[in-house]
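Protein chains: 2
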Amino acid sequence: MVAPSFSFDLQARQGKARAGCFHTPHGDLLTPVFAPVGTQATVKSLTPQHLEEIGASLVLSNTYHLFLRPGADLVAEMGGLHSFMQWPHPILTDSGGFQVFSLSETRKIDADGVTFKSHIDGSTQRLTPEISIQVQEKLGADIIMAFDECAPPYDLAYNERAMQRTHAWAERCLQAHTRPDQALFGIVQGGIFPELRKRSAETIASLSFPGHAIGGLSVGENKTEMHATIEVVNAILPEDKPRYLMGVGTPEDLINGIARGIDIFDCVLPTRLARHHAAMTRTGRLNLMNTANTHDQRPIDETCSCYTCRTFTRAYLRHLIVAKEMLSATLVSIHNLFTLLEIARGARQAILAGRFEDFAQSCLSPTKGVSP
Amino acid sequence: MVAPSFSFDLQARQGKARAGCFHTPHGDLLTPVFAPVGTQATVKSLTPQHLEEIGASLVLSNTYHLFLRPGADLVAEMGGLHSFMQWPHPILTDSGGFQVFSLSETRKIDADGVTFKSHIDGSTQRLTPEISIQVQEKLGADIIMAFDECAPPYDLAYNERAMQRTHAWAERCLQAHTRPDQALFGIVQGGIFPELRKRSAETIASLSFPGHAIGGLSVGENKTEMHATIEVVNAILPEDKPRYLMGVGTPEDLINGIARGIDIFDCVLPTRLARHHAAMTRTGRLNLMNTANTHDQRPIDETCSCYTCRTFTRAYLRHLIVAKEMLSATLVSIHNLFTLLEIARGARQAILAGRFEDFAQSCLSPTKGVSP
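Line by line, the protein sequences give chains U and W. Mapping of the first sequence onto the numbering used here: residues 4 to 375, in sequence order. Mapping of the second sequence onto the numbering used here: residues 4 to 375, in sequence order.
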């Protein structure tokens, strides 16, 4: 069911790039938007205050993880995810499908759903389209996702089967969904195969989803294949509903996705890289552990206005990393997320001002940004 | 040398409790004051912004750790500790003595100093009174400490020797100290032995230190012995200079120290306990890992106004801990430090208002505060 509280206003276009506003019960999402990932109901090492300060609007949390721990009933009892993690702005939950299918050693798929072993205690668990929706309704995010199957990108036969299952499950998810204050998005699958992607986009677009997602990318295919797939799918998905590219990305991926009509992104990369000492910049990664930073009084990125870059030197960040201080994860996460949020915000402003191409080129140019 | 930039105004007294103001080049310390510990130039898991928000004024950092990593020269090159860690308010560094003497297996003491093995790489290192002062001058804290020897509290012969050495080294530290923008504090030693403590306080007080510290407490003695020792020493230390009780404490220790005329405290306990799931309250500790917290919608302390207590439930904090999320250390550290800072602030207000006894009793009463 499509809730009256959800609507998507397309505010500007330039080529295929779009600027829009997706209205949700917890506030408006100005698109393009990048969503930091808070797997276990926390964006690792950051407080909600930090997220407010970097201007995050949408946060993603993972149904698989919350289903196993602390459990959807507990989250519901605590007033839902917004209240539990104290994020009063929009939240998106995925369906659990991606994580479950990643457990390739310990899961069994049948037509009805998936049985798998918990990575926490080895207990046997089961997710079906209906259970996934039920769990996501208990979690209470604004945007929830259909339960889908993500196949390895180059296996044609598997992708055909997984796509069929994804389509059947999409309809069951729509049937199962009851909360009018949640927008259920359908997911397009089909690996790197244009024919499958085309059929999948047509099928998913024909259902009554208020928004659509592209799954099964950034899972091993190359950039050319990723871009071609986005183009095939977005040529079919309706213009008047938001499009979400799942699990992507890097600064470059954001620009390339936006240029092809994507509105919403999420990725663990910025926070994961931060915990592994890598700073993201528009022009590449900086390994802060490198001895070259020992005496470096510059911030990570001299063009960046995040708290970390306004305040700390590379020398200090390197010291924290070498000394195994947790603060390094916090400070580099702030910077990395800010970098992606700023790219999304910059892209939006550029689209509204009719200068997206220049913006994209300035972001992708190897001559701009920080030196190594 | 006593810097003109340092002076101590006694603003009020009640019994032996004092409220004062210690002027430093990086701002005024309103006493009594509790200093969070930032061992490696970072209060673990907190940004300087967090420290500002909880109202910290003085931060302690450890000479031993910074001497080994990243080294005093690097910190000096980065503009000193204030600039390096971006704490623009007063900083205190200890002398390295306490950590070096804790390395009982790998250190050799002679009349001139201590040779020891680094806990990081096993390299042989040496600290003397002169080296400690030189290192602390490079670090550039506002308050620096004389190089002392802390002996096991019940060993009389050892305490006699360590005290003699501490006194000789105190004079050498005064000789070695050159920066007028740093206040060098002398340290009283002597274990739990009143006669030694008396002699040590008289000797240290007779030198020209702008402030005095009591070392060798909270190292194994009981509370009665701690309180008796503070009383013996404070009866001798001059009233017109600040008194710092090193490495203490708990909420109870703060009240008891303030009641006996202590002005400055520091302790790793609040942040260390936070990383081990324990919340400090005025009436005891709360193990947040406990299953009793699973469904608990209350904050850690319903009477506390810190960010953590204003924002998060015990149930959420327990979830973060069980899920091994770093954010738990940050949030519980904020609460624990705030609790001690508030006790120091509350004590100060009470002394200024002539109602310290009531305040102390309300803090120490087992009937007040959070339930288990």
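Just so you know, these hints were derived from the structure itself, not from any lab. Wrong hints could be hidden among the right ones.
Copies of the same chain look alike in the list, so a pair counts if it works inside one copy or between any two.
[Unchecked claim] In silico DSSO-like pairs for lysine-lysine, Cα to Cα no more than 30 Å straight-line: (1) Lys-141 to Lys-327; (2) Lys-141 to Lys-111; (3) Lys-47 to Lys-120; (4) Lys-111 to Lys-19; (5) Lys-226 to Lys-201; (6) Lys-327 to Lys-47; (7) Lys-120 to Lys-327; (8) Lys-201 to Lys-47; (9) Lys-141 to Lys-47; (10) Lys-141 to Lys-201.
Going through the hints against the structure:
no.: 1; hint: Lys-141 to Lys-327; in the structure: between (38 Å within a copy, 23 Å between copies)
no.: 2; hint: Lys-141 to Lys-111; in the structure: within (25 Å within a copy, 63 Å between copies)
no.: 3; hint: Lys-47 to Lys-120; in the structure: within (24 Å within a copy, 36 Å between copies)
no.: 4; hint: Lys-111 to Lys-19; in the structure: neither (40 Å within a copy, 72 Å between copies)
no.: 5; hint: Lys-226 to Lys-201; in the structure: within (19 Å within a copy, 76 Å between copies)
no.: 6; hint: Lys-327 to Lys-47; in the structure: both (16 Å within a copy, 10 Å between copies)
no.: 7; hint: Lys-120 to Lys-327; in the structure: between (33 Å within a copy, 20 Å between copies)
no.: 8; hint: Lys-201 to Lys-47; in the structure: neither (37 Å within a copy, 51 Å between copies)
no.: 9; hint: Lys-141 to Lys-47; in the structure: within (22 Å within a copy, 35 Å between copies)
no.: 10; hint: Lys-141 to Lys-201; in the structure: neither (33 Å within a copy, 66 Å between copies)
In this structure, the earlier hints numbered 4, 8 and 10 are contradicted, and the remaining ones agree with it.
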